[in-house]
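A.B. asks: These are the residues of each chain, in order.
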Amino acid sequence: MNNAIPYTDPSIFCYAILAVALPLFAALINFCLPVKSKAAGWISTLAILVGCVLSAMVFAAVWNQQPQHVQTLWFTIGTTKVFAGILLNNLSAMMLLLVSLIALPVHIYSTAYMKCDDRYSRYFTYLSFFCFSMLGLVIVDSLVLFYAFWELVGFSSYLLIGFWFTRDKAVQANKKAFIMNRIGDIGLLSAIIIIFAKFHTFDIATLFINDNLVFKSVIHDGLWISASGQIPAVWQYVACIGVFMAVAAKSAQFPLHTWLPDAMEGPTSVSALIHAATMVAAGVFLLGRVYPLFTDSELTVLAIIGCFTAFMAATIALTQNDLKRVLAYSTISQLGYMILAMGVGAYGSSLFHLATHAFFKCLLFLVAGVVIHEMQHIKEENNLDIDPQNIHYMGGLRKKLPVTFIAAVVGSLALIGIPLTSGYLSKDGILIQAFEWSEGRSAWLKLIPAGALFTSWLTVFYVSRLMVKVFFGEFRLLKKHPEIKLHISDGGWQYRVPLILLAICSLFPLFSLNPFFYEKAWLFESLKPAEFMARENIYHTIIPIGVNILSVFVMYAAYAIYVKRNTFSFPQTGFLYRLSYNQWYLDKIYRKAIVKPILGLGKTCFWFDRNVIDGLIHLIERSSRMVAALTAWSDKHIVDGFLHLMAALVQSIGNFARKFQNGKVQYYLYSMLLIVLILFVLKILI
Amino acid sequence: MSLVRLLFYVMSFIAIGSALYAALSKNLVRSIFIFFVTLFALAGLYVIALADFVAVTQVVIYVGGILVLILFAFMLSGRETLNVIQQQKGKFVNMAKVPAVILAVLFLAVIVNIILKVDADNLPWVKQAIAQKNEITPANSTIENIGINLMTTYLLPFEAISVLLLMALVGAAHLSRKEGSA
Amino acid sequence: MISLTDFLLVGALLFCTGVYMIVSKRNSIQVLIGIELMLNAAILNLVAFGKYDKLNNGGQVFALFAIVLAAATTAVALAIILNVYRRYKTIDPDEIKNLRD
Amino acid sequence: MNLLTLLIFIPVLFALVIVLLPSSQRGSFKYITLLATLLQLGISIYIYLNFKTGAASAGINHEDQFQFVQKLPWIGLNLGSMGKLQIDYFVGIDGISVTLLVMSALVMVVATLASWEIKSNLKGFFLLFLLLDMAVMGVFCALDFFLFYLFYELMLLPLYFLIGMWGGVRREYAAIKFFLYTLFGSVFMLLVMVGLYLSVNDPATGSHTFNIIQMMNPANYTQGSVFSAAAHQTILGMPARTVGFVVLFIAFAIKVPIVPLHTWLPDAHVEAPTPVSIILAGVLLKIGGYGIIRICLGIFPEIASSGAFWLGLIGVVSILYGACNALAQRDLKRLIAYSSVSHMGFVLLGIASQTAEGVSGAVMQMVSHGFLSSMLFFLVGVVYNRVHDRDIYHFRGLGTQMPQYTAFVMVAFFASLGLPGFSAFVAEAFTLAGTFKSPTVNGLLPYWMAICGSVGILLGAAYFLWTLQRMFFGKVSLKGGEVWKIALTDVSIREKLALIPMAAAALALGLMPSLVFGKINDSVLALIQFLQAK
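Heads up: the protein sequence lines correspond to chains A, B, C and D, in order. Numbering that gives the first Met the number 0 numbers the first residue of the first sequence as 0 and each following residue consecutively. Numbering that gives the first Met the number 0 numbers the first residue of the second sequence as 0 and each following residue consecutively. Numbering that gives the first Met the number 0 numbers the first residue of the third sequence as 0 and each following residue consecutively. Numbering that gives the first Met the number 0 numbers the first residue of the fourth sequence as 0 and each following residue consecutively.
Do not rely on the hints blindly, as some may be mistaken.
[Stated by the list, open to error] Each pair of labels, with its calculated beta carbon distance range:
1. A:HIS617 to D:VAL193: 28 to 38 Å
2. D:LYS495 to A:TYR576: 54 to 64 Å
3. D:LEU182 to A:LEU598: 30 to 40 Å
4. A:LEU642 to C:ASP93: 54 to 64 Å
Derived by calculation from the structure, the hints in this document are not laboratory data. Remember, predicted model here, so these are calculated numbers, not experimental data. All residues carry an ideal CB built from backbone N, CA and C; glycine is no exception.
Construct the complete structure from the given sequences, taking the supplied hints into account.
C.D. replies: Here you go:
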């Protein structure tokens, strides 16, 4: 390792590398184990546990210090040297800790959740591989490596979504997820290539940190100018679009979000880790890494899309009946908030929300996992034909699953953003800063904070609906089938410990000693931009109070609707209901407008290939064969024909003469006499 | 018209008529037997031509020898010939024979033409023979003269003919043997 | 007296009948009869002309020779016909057109 | 003994052994062939390890910088007033050939292992196989144009018979199509070769020469000769050097193959037996790319620069068009064949960019595609051997039926679609980087080509994933029912032996691209410099 910044303790890098590499080793070991081996779970868990400790040490060493950077030459291509290295700053240290911290309870949970599966060790192989890719993603310093891990994350997510690969829905979902992610990858790759062509380096530190190259470059007269040269400015936009595509694909933003609800086909523990807490946050992380690339107007676009995604996903979540799908759309909605925060310049709040959201959403998914597991249990025990994820069959579970219920309440309150939870701190931060940002901008842009605000009430409603339907009222399945037996409980310690751990992490003390003011949170303070406005604005007081009072009303309304009256709140046939229930018809639109035309294009190409290109070849072939046939004909009929004519002539003469030699005595005699006669006649006449 | 001339016409009519019948008949047996008639009629014509020995020889050899031989041959190859008979029934005019008829008629025309041109009765040597009385008359007997001539003037041909006859005899006998014993 | 020409005309008719038989008949025996007819026409001529040679009797003698030769040839010819019949089972001269192999 | 000569002619020696052995020993032929290819692999690795890097051994247009050179006078005829006809046996390698040599040697080993499936006329098969092996190695080493052409043509004949005799149902059609296509290209190459010969003088002897390296130096061209850059001769109203470049380019482009000269490839690949498909895809296509770099760019650099836009366009079209076609396939082998067209488009794009990244990426892509396509075709062969069917719709749920096989397929598919960690990713990423850099560095290609090229990567993911999902995942459901279920056994030891080195090679190159880049870098830089000097 060269180029180490002098005063750094090199062991930090060793810890970081080890934290990343341990899951990889675990994955390799598990890969070699027999598929049912129970040791696999503990190997992976141990690896992530050690990784967690190491990450904590790295975090402690790096937090609020100078960025640490080390690199080594990977390979040289032409005159370009490509380095591989580690970049540790607040952002990556936080992510490193966050990912391993969330992965740990999920691992523990998984050992119980997957214990009956036939391919137990494969599951942990994939899970560890995912941890490796995700941890690698957050610490690498080169865009090439970043891209590599970016794709590996998508790849391991592909493996895990399709873990039960005999289910058709699962494999369709993982294909969809990978291809959608690929669209984003293409964007990211294009962006990296553009940046490389512009700045001749892949190094994130040089490009984006502090006195960075990107920050210094300017757009002027339609050219993107920096010290290393200039290219047309349009390519700066293309690069930003590329980055945005990558973000949209990974973090499930409109219009590339449709894979995430489908990805719920994977095991629930996987959904908790990958599709709620870590991988989907990678998009936000990427934005955090390349933040200087975006200009103000591009950030505005980002904010608009984030806001729209948040709103759209929330409306869809209102009507879904699948437990995991509701959570998935809620994830999309929350990710929309993060993007919105990035767009409005609330860099710190965005990452803060990322961290808090990771905990409580993971918690909620694990709760869902427990519920689904128990429902599945009932289903199998009583041979019922029901969907274990459908919330219509649930209800009143709070008495059966007390620990789960408490965890669920904590998670929901955090998601709603009630004070004393972590969600309150981060979400209100975003709302407040969005309002601040819209000050002094056009009226249209005021819609963004307003939309975010409205969305937060929608969130309250659908979360309350979910909670009420699952945990309150009476058990609807029992009402339908009174004869079934119920043997359900919170499950073993592998279920309870992660839930409790995550529930604690979803409360305020982990992040801030002051439960009401987000700007006092230590995480936020370290990440906030320099020009942050202090608490001087009216929004800081009004918004939290307004939001929360109304939230309580909405919660009560939901409770009233679903428990007291137990009816549907919306007309089931209304347009809005159908729009929401069918997820805004986006899947259908994509299938009709994009997938079909592309497949059609493929077919057309093939037709073109077979009939036009190959047809041309065949035409050449046929015409040359025709020429050949023509010459052959002339050869046969004209050249040979002459010869044949001569032969035929000779033959016919011969045949003519031969007729006289037919062996018939009388014919000879006749000829002879005829000739005699002719001689006589001639004699007489002459 | 003298009796001789009448006889000549009758004889020649019979000869030509029977020959034509033999030629046109589709039945082999009939044509063989009618051929007898032709030969007898010819023998008669020889008599009228003042060659009584030749006429006798004709009757003896032809009728007694050759026709018997033909009849034998016919009988020995019977089945095939009978088949031929059956096949040939019914058709009077056969297109296949037309060229032969034409040939024969043309030949006849040519020969008759030649005969008329030659005017045989007025040939120099015939005139001379009549003048020198070297002409056979019905009163002469020619047999004695023929016998003398055969043994004197025509001895060499006579001997040659006898050798030829011997050869033909041997040859015919050889040919007629069964193949297997050859 | 009967003139030479009369005899010659009768001979000519007989000869032509023989020619016709030789050329047209599809039976070897009838062909043979045709040949005999022609011979007889010739003999008739010989005899007719022989009338004017009282001393040497050339015509009559050669008529005799011819009769004898005819007998000989007939004998041989019939032997051949029989042989041919044995071999080919036919006496149609048109059918017999192969040389011995 | 020169190592390259040994490398080239080892197969011939072993072929002689096979000729002499009686047919009763036919069981041993495959082992003999395997021994030959393993020996070749050993020698090529030795060459690779002893290959010197550094600017002083860059090769390209300096004869003295080539390594492992052997130069022997071969045909020398004194033609009196016509001068002296001189053809040398001249072999040598620089950075561009060395990696391709190692790759070819490894592919040959795998192809031999795939030949276990051949059951009929073994003697003929292995003889032709070894002959092909020799010709391929010869092409990569030859530095005399005549020798190059000789090896180039020598490849055709065995391939024709290998496809035509051991192929599938429509083998005659495919074999003839392949043969005529390639012959069409090489016949005109012959004309240009003769033209070049008559234009170039060896400064040492003063007579005409076939030496490729001498042809790169404009000073060696005779005054006023056809291909002299200074003379501006024309052929049919077009500049002679442009015509020469185009003709040579078409000859090699057919091999690559580029759209629209690619239609022989799906047919030939589909009909060829598995080992031949492997060689076709793994090695033969690379000869096209190699020829373009070594000969088209080397001899006609200024035309290559002025025509770079068109080369790049053809590359992009090939990438997209091949990928689109692959989307529409239902025959697995045909799908892979079209994906080859798509992947080889990157080679052309990289070469057209004429940047260090682009050309390195192109070479890397050739090496990488050599491994990956061989692996893919081998994998198709595994299924085809067992049930004689390749239709994607006829299989389902193979993941349950053949788990290890599926694992290999996933490795091959994901490596092919450019998953980082495998060689194809590095190759494609840097090809595109080079392409995008091109407008700022030398202004040859427009910016949008790189972006269009990257869309090809996306389509690649689409067809490979679709195939995975359709064929390998889901519940087991096979067209042949129980019979197939019994027939479809998992990969055997021999098949693993063939597959693992390929996968390992692809992985190693992905993790340590310097294995290739380290060796080719100096040559590529020299090439770029040479191209820019024009």
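A.B. asks: Confirm or reject each hint.
C.D. replies: Evaluated hints:
{"no.": "1", "hint": "A:HIS617 to D:VAL193: 28 to 38 Å", "result": "31 Å, holds"}
{"no.": "2", "hint": "D:LYS495 to A:TYR576: 54 to 64 Å", "result": "56 Å, holds"}
{"no.": "3", "hint": "D:LEU182 to A:LEU598: 30 to 40 Å", "result": "36 Å, holds"}
{"no.": "4", "hint": "A:LEU642 to C:ASP93: 54 to 64 Å", "result": "37 Å, violated"}
The structure fails hint 4 only (numbered hints given earlier).
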